[in-house]
Amino acid sequence: MSIAGWQDALREVTGVAGVRGALIISAEDGLVIAETAMDDLATADVAALSAALVSRARRCTAALHATPPESVHLVGERGAVLAVAGPAPLWLVAVARDDAELGRLRLVLRDAAGALH
Amino acid sequence: MRVLEPWVADPLTEFLRESGARLALVMTSSGQVIAQDGFTRSLDVMSAAALGAGILATTQELATILDAPRGFGAIVHQGERQGVWLAGFDTPRGRWIGLVVFGHESSVGLVRLFFARFAQQVAAAAPVVTPVREVLAEGFERELDDSLRALFGTR
Numbered sequence: 001m002s003i004a005g006w007q008d009a010l011r012e013v014t015g016v017a018g019v020r021g022a023l024i025i026s027a028e029d030g031l032v033i034a035e036t037a038m039d040d041l042a043t044a045d046v047a048a049l050s051a052a053l054v055s056r057a058r059r060c061t062a063a064l065h066a067t068p069p070e071s072v073h074l075v076g077e078r079g080a081v082l083a084v085a086g087p088a089p090l091w092l093v094a095v096a097r098d099d100a101e102l103g104r105l106r107l108v109l110r111d112a113a114g115a116l117h
Numbered sequence: 118m119r120v121l122e123p124w125v126a127d128p129l130t131e132f133l134r135e136s137g138a139r140l141a142l143v144m145t146s147s148g149q150v151i152a153q154d155g156f157t158r159s160l161d162v163m164s165a166a167a168l169g170a171g172i173l174a175t176t177q178e179l180a181t182i183l184d185a186p187r188g189f190g191a192i193v194h195q196g197e198r199q200g201v202w203l204a205g206f207d208t209p210r211g212r213w214i215g216l217v218v219f220g221h222e223s224s225v226g227l228v229r230l231f232f233a234r235f236a237q238q239v240a241a242a243a244p245v246v247t248p249v250r251e252v253l254a255e256g257f258e259r260e261l262d263d264s265l266r267a268l269f270g271t272r
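If you read the protein sequences in the order shown, they are chains A and B. With the first letter of the first sequence counted as 1, position 73 gets the number 73 in the working numbering; the numbers rise by one all the way through. In the working numbering, each number is its position in the second sequence, counted from 1, plus 117.
Source of the hints: derived by calculation from the structure; they are not laboratory data. Bear in mind that the values here come from a model prediction, so they are computed numbers and not experimental data. Where is the CB? At the ideal position from N, CA and C, for every residue including glycine. Honestly, I wouldn't trust all of these hints.
[What the hints assert, rightly or not] Chain B residues, not near chain A, derived (Cβ > 12 Å throughout):
#1 Glu135
#2 Gly137
#3 Phe189
#4 Val193
#5 Gln195
#6 Ser224
#7 Leu227
#8 Arg229
#9 Phe231
#10 Arg234
#11 Val246
#12 Glu260
#13 Phe269
[What the hints assert, rightly or not] Derived coverage of chain A by chain B (criterion: at least 3 residues anywhere in the stretch with Cβ under 8 Å from a Cβ of chain B; other residues may be distant):
#14 84-91
#15 103-117
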């Protein structure tokens, strides 16, 4: 997929109500590949920490002899971080407010991550 | 961990814990070691410090040629099993350099994130340098007498 295609996928994710930003990250090095986010969102920090989260989830499933995770959802009091695996090593990450439509966001993320191939 | 400046220890400990880095070396821009963690031989520390300072000095010159006087933020060497992060940062004691070795348990992004915090914490923790007291010619002889008296107990 082209960079323009990635931007389309990101726009689709940020189109969901309550989403503060969407990023395509490299889970191996924790860096941002492409992003569409509000100005106050520290996307580089989100990428680094999301990649660490994905890495730990992978190690956890490996220790359990389970299949590697396809998605990681971290829901807090004031918001949520949802990450869905794309073509390795890419992951599509969304940062949402607590009032976001998380169900719809999951579906959109899954479709958009699939379109990254 | 070995530190020359004790106030660097806490920020460095936090950086290592948060980033998951394997080795860390903090030095002045001339290669003098300020703190290190993970190195087992002093020879390795000295070599790494000298090479790290040399690499940053080289890239600074390259930046000047490329008309980027502020230089590059950081240099990353990514290997198969581990990577090296090398970056300069400003402190009240001058420009220092951090050399960090990280493996698969960490990432460039994590090191970048927590290194920036480490640099801020070091800058904030640096004690204020007290200016060297000027020795006045008129008080010098009396102070010398006082010091000799204190040392040798003579009148």
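Open item on the list: Of all the hints numbered above, which does this structure not satisfy? Sort the numbers upward.
Closed with: 1, 2, 4, 5, 6, 7, 8, 9, 10, 14 and 15
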